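Residue numbers (my numbering), protein chains in the order written: chain A, 8 to 256; chain B, 96 to 667.
No wet-lab data here; the hints were simulated from the structure.
Only a predicted model underlies this, so the values are computations on that prediction, with no experimental measurement involved.
It is possible that some hints are incorrect.
[As the list claims (entries may be wrong)] Straight-line C-alpha distance at most 30 Å; calculated DSSO-like pairs for lysine-lysine:
1) B/Lys521 x A/Lys152
2) B/Lys661 x B/Lys631
3) A/Lys39 x B/Lys172
4) A/Lys152 x B/Lys631
5) B/Lys547 x B/Lys287
6) A/Lys152 x B/Lys560
7) B/Lys631 x B/Lys287
8) A/Lys40 x B/Lys172
9) B/Lys241 x B/Lys661
10) A/Lys9 x A/Lys40
11) B/Lys631 x B/Lys172
12) A/Lys125 x B/Lys172
13) B/Lys631 x B/Lys241
14) B/Lys287 x B/Lys661
15) A/Lys125 x B/Lys521
16) A/Lys9 x B/Lys172
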Amino acid sequence: MKRSFPWRPTGSEIRNLRQPGYYARFSTLGQKKAWDDATLQVVTQRVERVPSIRFFTPQESAVLQAVIDRVLPQDDRSEDRTIPILPEIDTRLFENHLNGFRYEDMPPDQEAYRIGLKAIDEMARDRFGRFFCDLTVHREELILKSIHDGTPDPDHHIWTQMPVHRFWALLMEDCVTAYYAHPWAWDEIGFGGPAYPRGYMRLENGLPEPWETDEERYEWSVPIDSLSEIDEDGSPAAHGSLQGHGGSH
Amino acid sequence: MLTGKRDVRPHRLGPMQAIDASMRTYQESETVDYCIVGVGSAGGVLLQRLARAGSRVVGLEAGPFWDTERDWVSDEKGAHELYWNDLRITGGTHPLALGANNSGKGVGGGSVHWAAFTPRFHPSDFHIYSEDGVGVDWPMSYWDLKPWYELLEREMPVAGPAWFPWGDAHGHPYGPHPLGGVGDILVRGCTKLGIRTVAGGPVAILSASHGNRPHCIYRGFCLQGCKVGAKASTLITHVPDAILHGAEIRELAMASRVSLGRNGRVDGVVYLDREGREHFQRARAVILCGYAIETPRLLFNSACPGHDRGLANSSGTLGKYLMAQAGNVIAGRFDELIRLYKAPPAHAMSEEFYETDPRRGFARGFAIQTVGPLPIAFAKQMVTAMRVWGWGLRRVMMDYNHWATIGVLGEILPWEDNCVELADEKDQYGLRVPKVTFNLHENDQKLIEFGKKKVMEVMWAAGAKQVVQESRFAHLVGAARMGSNPASSVVDKFGRTHDIPNLFICDGSILPTQGSANPGLTIQALAARTADYLVKQREFIFSTERRCLEEPPIRYDLSPPFTRFKGNPRSA
């Protein structure tokens, strides 16, 4: 359900977009004839075959979907161009795809999600007397921001069993992994996508390949009362990176 | 063509290279000369050298024997299977993220997903205790290893600047790569601050074709496995030659125990196949190449009467002195477009701060290197560095193409309390999983703080409008260190365990210290040197207790094809 919309300085709400971002005419999937077979198969399957929910109960799914809608909101996207995140997390947990490690003070990922979602729902009832999914966007964000800040409000006994900042890192890692693995997200941020066997020939000065497009920027603002805008005065997390470190050095 | 095992199609390693010899296979009842556990950076080199010298060798690899055209993808998420994803427990004051980034699974191991920066260690790295009173000295010097550094730079081969001015200054066999957007930022920022830089390498990525391997196409997916075959991994540089010369590689074979036979010698390796069935490969000598976590884990899991603390652990140092390097990533946002996903992530660097400078108030130093995170990795970095979520996250990511990222690669000293042990939990094979503990000490923290600030200065000097940073670590070495004293180390300078004359360790775990150079080249150079040592020792390894500590002659005749006629420019 789309219910919180960014807006332009002209006052119009940004909603029902096929493609957010500054690269309106760019499509990575439009380039798939230039991809190798193995990559084509993996990416096509990601787009066309969304897995069904096998790990979470319907109740848990509802809470997690509501959480995902706020920690990685897609209200500006049209329904048919919304990137599935919940099914990706569900599949990882159902098939027990690990990322190679678990912090000694954390339960297994599956249990972390189960108790974390339970805590979030109970926090909603303690503070606002309603299920998390039934809260207003603003109230959902109040609860999630308190978890993001590492100071759950209201506090909940689960957070004495499981470090709140590690749960947050786990949740964010899974959400961004699902979202930014999707070609519609690549289109949004102007990432070229799969690049074999063709490769790149314009390496410097941010120049586009003949099949890429230049950026066309425009001003936009997050929903007026959103708590998830960039905190320009914020400092980096004191504990450093808690996610998997793949893809750097 | 690999007969009988997989497809009838050729086993492809890049678009133009294939293994077209049939692979020799040994029966388990046959006793081979060497059983090598782990066919990664070191294991691949050892397998190739020993096979070429005529030894009967079997390599056990826990992961798959990749066909790069069929198994690898030009996709960030799809590359997940290249890593060691099995459960490990991590703790300490600064717990290490494991799996992706610091260990591989499958033939080629970590060299499949390394960024392929190939700086050598500096001469000073081999005696930091003597010079600075920290860490420990190696039982060998840079000059002992130098001939193998040069040889491996030609075998991979390495592309880079004509003159690399730090440490033992030298040039590279292949020319440098063109500069990408991130390298341009690094050079620009460093130049403003008077910091010397090199660009276009040193990286083990082809800037010109090499045999059946085409040169780089600058697609930026180095860390996802190079489908092009331009980036060196032992899978494509050494394994084909190993197969051609009669080595056998058993894929999906997880070693569970090194078997101790009579007379205090090992007699083979117990392993589990893909269906979980137990097998025993007899061997006259065993070489462990499982890297800094799996090697000590296997030795702990091989504990037996007389070796209750783990095999080859009479010193009690097995599993200790584990090291990771500081790997802080500094991200700068620029008004202009960068498009950091193009060009190899590794392509420009500086080692100006590598050596100890007493004025800084800490021992040792760090390197400055380009990194090139693709969207998922970058999003995770921003979640930490800027603590973004929700709409803030979406907005930052829409500026992906405006960011450049530069890494600190800082030396963290070897500490006894940084270690690998066994946890109580068991994995899918029924083996106890490793538990890794990591704590930063005062010198490490001062070094990281200084390095982080220096690279942030570089980013501002390059013209960034916003600079943020994420604390993290890179690489893993140590935990079975070499030394001349059997009471304080696990192996001698050739990787031979002090306790068991026919059990060797040859991988990143034997490094006593790590400098601030990426460890891949050093690991492979050490493997080639150990191979030449074994070839020279021959039967003595299998039948006597004799421990010769003379440097072996280098065997140029054991290199893979296309190695000859390339140079290593140097001043002396």
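Report the numbers of all earlier hints that the structure fails to satisfy, in ascending order. Going through the list in order, the structure violates hints 1, 4, 7, 10, 11 and 14 and respects the others.
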